[in-house]
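J.: Single-letter residue listing:
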Amino acid sequence: MQVLEIERSMDMKKRETKDNDVVIRCKNIKKSYGRFQVLNGISTEVHAGEVVCIVGPSGGGKSTFLRTLNALEPINEGSIDILDVRLPASKKSVEHLRREVGMVFQSFNLFMHMSVRENLILAPMTASKISRSEANKRAEILLNRVDISDQIDKFPGQLSGGQQQRVAIARALAMEPRIMLFDEPTSALDPEMVNEVLDVMRDLAQSGMTMLVVTHEMNFAREVGDRVMFMVDGRLAVSSSPNEFFENPTDPRQSAFLSKIISSGASRP
Amino acid sequence: MRFDTHQLVLNYHLILSGLKITCLISLISLGFGVVLGLVLCLGKLRDKGIIYRVCCGIIDFFRTIPEVVLIFWVYSCLPLLLSFRISAEASGVLALSLFAAAYLAEIFRAGVLSVPRGQVEASLSLGIPEFYIWSRIIFPPALRNMMPAIVNFLTELIKATSLLSAIGIAEMSYQATILGNKTFAYVEFLSAIAVLYFLIIFPLSLSVRTMEKRRLASAGN
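So the protein sequences, as listed, match chains A and B.
To convert, count from 1 in the first sequence and add 15; that's my numbering.
To convert, count from 1 in the second sequence and add 241; that's my numbering.
Any given hint could turn out to be false.
[To be verified] In the DSS-like style, the derived pairs of lysine-lysine whose C-alpha atoms are separated by at most 27 Å in a straight line are:
1) B:K289 - A:K107
2) A:K169 - A:K152
3) B:K400 - B:K423
4) A:K45 - A:K106
5) A:K106 - B:K289
6) B:K454 - A:K169
7) A:K45 - B:K289
[Unchecked claim] Derived CB-CB ranges, DEER-like:
8) B:C264 - A:S175: 44 to 52 Å
9) B:R358 - A:S105: 18 to 26 Å
10) B:L279 - A:E191: 34 to 42 Å
11) A:E191 - B:F372: 21 to 29 Å
12) A:R237 - B:R358: 31 to 39 Å
13) A:R250 - B:R358: 21 to 29 Å
14) B:F372 - A:R237: 39 to 47 Å
15) B:W375 - A:S256: 39 to 47 Å
16) B:G290 - A:R193: 35 to 43 Å
17) B:E397 - A:G49: 36 to 44 Å
18) B:V295 - A:P103: 26 to 34 Å
19) A:S222 - B:L279: 42 to 50 Å
20) A:I156 - B:G359: 25 to 33 Å
Keep in mind that the hints were calculated from the coordinates and are not lab data.
Even glycine gets a Cβ: it sits at the ideal position worked out from N, Cα and C.
Let the sequences and hints guide you as you build the complete structure.
T.: Listed below in structure tokens is the structure:
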């Protein structure tokens, strides 16, 4: 009996915990810049361990939606329950939340005046108050995991785009977050560097991390995603399993988007 | 005419004491200017609200009036308004501090804004406390970017101290004109202080050039 359970838990993929463990619940969130409505009533739930890929035409509000989840963008209406915080929230709870929600940006946003090591230890030391030696240990393990431990004392400017983005992922992971947000993580990369970043993300998904990924990499969405969200005009037009999403489009805008993506070759292997 | 070094030799100690006062007033005004400029800069960085508007007003006011007018105004009008006397030196320092604060506030603001927004967003997303965002993320690159402008302004400030001779502060220009009046050796004294100003300011200008070059070189990679 016990052995069985252990085996089961070893086999256990992220899907196991999903049904009862909601980590993000958005209720009718709205946001506008002046008269322009960016988010127009988004409601959805994300479960622990789920990998959600957010796709759609540019200007549809994908990035803005992602950035509302760690309160980089304040919302005008509605509410977001994320982990144990309800947004909008006080500055203090937002800071607390952000320590548990990692984010990776399109343009990496590494601290250019610090070495790779310093990039990785700054947040753990200042936000989580862990010791330098502990933070260093963590940094070394993480850099090993993203396969760039030999670059630890270089500066970001000396690294390739793909390496920089892997450092950025490691930097976010150094806070031991429970959720990871990726905002077009491969869009600023040269084509030959896309896969090294996607591989790291794939490993992360395998390890059971809850991930929300705004992306144009349709193959990644198909292979790694548990769910695909299609956003257009600030609305969540479609939310379905990857198979369903790519094989049986239900929304005319979704079909239009898919045919464009596929004919333009934007979907990389 | 002939260049009469005799008078220079006799009175060089007065010129040197003037030089000392010039340097002292420059540095003190710079110090007050940095502190007050920081406050004004933080106020203006708020981008809206009453504090923002007050800071903008102060900065614009002291940047637009000529330094001489400011010096005379602080020296002769301020005591009347507040009905107490302050020394010429104090009013000179006050006037130049206000002048420095207004210019430095704008330099600081440009420095802070020169740090890409993404750097701040990344540190926010990591939950880094605000104090460390300022001290570790914004300040180091901002300081590097604004150092040339600060040193450049310091040279302006040193030159502006010569205006204080108008209210009788015994800085270098004042000493030279007084000695000129006394001995008629205008050429000698004024040339001497011109050289001294050059010797102080030129190295500073050179350092600005070096810093600019280094900054451009590092921005290139």
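J.: Hints first: check each against the structure and report whether it holds.
T.: Okay, the hints, checked on the actual structure:
1. A hinted pair counts as satisfied when its Cα atoms are at most 27 Å apart, and K289 of chain B with K107 of chain A qualifies at roughly 23 Å.
2. Of the supplied pair hints, the one linking K169 of chain A and K152 of chain A holds, its CA atoms being roughly 17 Å apart against a limit of 27 Å.
3. A threshold of 27 Å between alpha carbons decides the hint, and for K400 of chain B with K423 of chain B the separation of about 24 Å falls inside it, so the pair holds.
4. Distance hint between K45 of chain A and K106 of chain A is fulfilled; the C-alpha atoms sit about 20 Å from each other, no more than 27 Å.
5. A C-alpha spacing of about 19 Å is found between K106 of chain A and K289 of chain B, which places the hinted pair at or below 27 Å, so the restraint holds.
6. For the given pair, K454 of chain B sits about 23 Å from K169 of chain A by alpha-carbon distance, which is consistent with the 27 Å threshold.
7. Straight-line distance between C-alpha atoms of K45 of chain A and K289 of chain B comes to about 24 Å, which keeps the hinted pair within the 27 Å bound.
8. The hinted window of 44 to 52 Å between C264 of chain B and S175 of chain A holds, with their beta carbons roughly 50 Å apart.
9. At roughly 23 Å, the beta carbons of R358 of chain B and S105 of chain A sit within the given window of 18 to 26 Å.
10. Look at L279 of chain B against E191 of chain A: about 36 Å separates their beta carbons, and that is inside 34 to 42 Å.
11. At roughly 22 Å, the beta carbons of E191 of chain A and F372 of chain B sit within the given window of 21 to 29 Å.
12. One distance hint, 31 to 39 Å for the beta-carbon pair R237 of chain A and R358 of chain B, holds here, with the actual separation near 33 Å.
13. About 27 Å separates the C-beta atoms of R250 of chain A and R358 of chain B, a value consistent with the hinted range of 21 to 29 Å.
14. Range check, F372 of chain B to R237 of chain A: Cβ separation about 44 Å, and the 39 to 47 Å hint holds.
15. For W375 of chain B paired with S256 of chain A, a C-beta distance near 45 Å keeps the hint of 39 to 47 Å intact.
16. Between G290 of chain B and R193 of chain A, the C-beta spacing of about 36 Å keeps the proposed range 35 to 43 Å intact.
17. Roughly 41 Å separates the CB atoms of E397 of chain B and G49 of chain A, a value that falls within the hinted 36 to 44 Å.
18. Between V295 of chain B and P103 of chain A the beta carbons are some 29 Å apart, a value that agrees with the proposed interval 26 to 34 Å.
19. Checked against the hint of 42 to 50 Å, the pair S222 of chain A and L279 of chain B passes, with Cβ atoms roughly 46 Å apart.
20. For the pair I156 of chain A and G359 of chain B, the supplied restraint of 25 to 33 Å holds, since their beta-carbon distance comes to about 26 Å.
Every hint, counting from the list given before, is met by this structure.
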